[in-house]
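*Asks:* Read off the chains here:
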Amino acid sequence: MIMADKDLEKIFQERVDNEIKIEPKDWMPDAYRKTLIRQISQHAHSEIVGMLPEANWITRAPSLKRKVALLAKVQDEAGHGLYLYSAAETLGVERDDTIEDLHSGKAKYSSIFNYPTLTWADIGAIGWLVDGAAIMNQVPLCRCSYGPYSRAMVRVCKEESFHQRQGYSIMLAMAKGTPEQKRMAQDAINRWWFPALMMFGPHDTESSHSEQSMNWKIKRFSNDELRQRFLDMTVPQCELLGCEVPDPNLKFNEETGHYEMSPLDWDEFWSVVKGNGKCNRRRIRARKEAYEKGEWVREAAMEYADKKQKRREATKAA
Amino acid sequence: MSNKKNWPLWEVFIRSKAGLSHRHAGSLHAADAEMALEMARDVYTRRNEGVSLWVVESVHITASDPVDKDALFEPANDKIYRHPTFYDLPDEVKHM
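Quick mapping for you: the protein sequence lines, in order, are chains A and B. Going by this note's numbering, the letters in the first sequence line up with residues 1 to 318, in that order. Going by this note's numbering, the letters in the second sequence line up with residues 1 to 96, in that order.
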């Protein structure tokens, strides 16, 4: 029996509406598949590129304790990238093709990683603000309608709560430290505050994929809702550090119970997305170099595996 | 798509503790089984998630087709006599 696409689409939407997960071999609309491939692979790229700004400080961590924690965090990001690439592959794309799209610039990654990490305090600010914003975005994705993505996000979220805490712990140490350390902490907050708020993406009115993604239950909350939640949660944490929120217009609205902030600089956001951030070229260059320099290793491992296999077969035959 | 020979895909199963069965955790690429095991350890068990790992090359898994779901599983739906609650017993029979 061959069903018309519109009937299949109706069954699909009913399943989604009833919170039944969609699994790789189930029928799904092409646009749903494409949206997920785009979103999951860009999410994977963000994890992988996200290792670069932090790796910058592994060798210069101020103590062994901070160093092993940062190493573990960066290793987690690699793992998260791998869970996500695998989830994307269940939709029928090849790993190599998604990586090729990153290298050619066709696929994007989170723009936040195009900012440089100038001091050790940046590592604190990244863990606290960038991972904090990422967690805010990712927790609802654990309930995403696509099974493999949702399962990957459950693992990621479980692991990431340590990331944010290690970041905040660095900020605490610096904010309570010498005047020089405190200056570094404040400087890092000044530079990461607005880029972190922009991680939630354009305003709801400007967000092109939002409505459809909500209907498909890929997305559960709008960009502005999540941004507001993050702001409300993060301002008191900044105050606890004894640092200033670098926004002259920040105020608490007693009536709504929410903080209000300055308008975000979307020209800067789009300029960084389009490749003009401080580190865009450096990030892609580093990824390509790693991939190209690893080529002989991948080939040699495959050759060695073939050789072992042949040897086993020969022994068996003898 | 490149025509290089890529590392095949493997499915990873983890036994979280003795007494429980292995459960699917995810997948990864590796050149052979030995490497797949090593990678599975790094990718899927960084926080004591398991005491035992299985890796199976994905091409060796035969899966049922979701289209056949009804044909395969529907027949079990109306066989309520396969469940203990189907049988009414007098209250005097306390534990059975």
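Hints were generated in silico from the structure; no laboratory data involved. Careful: at least some of the hints might be erroneous.
Below, a list of computed lysine-lysine pairs in the PhoX-like style, where the Cα atoms sit at most 20 Å apart [what the hints assert, rightly or not]: (1) Lys25(A) - Lys17(B); (2) Lys17(B) - Lys158(A); (3) Lys176(A) - Lys65(A).
*Asks:* None of the hints should be skipped; say for each whether it holds.
*Replies:* Now for the hints, and whether the structure bears them out:
{"no.": "1", "hint": "Lys25(A) - Lys17(B)", "result": "violated, 30 Å"}
{"no.": "2", "hint": "Lys17(B) - Lys158(A)", "result": "holds, 19 Å"}
{"no.": "3", "hint": "Lys176(A) - Lys65(A)", "result": "holds, 18 Å"}
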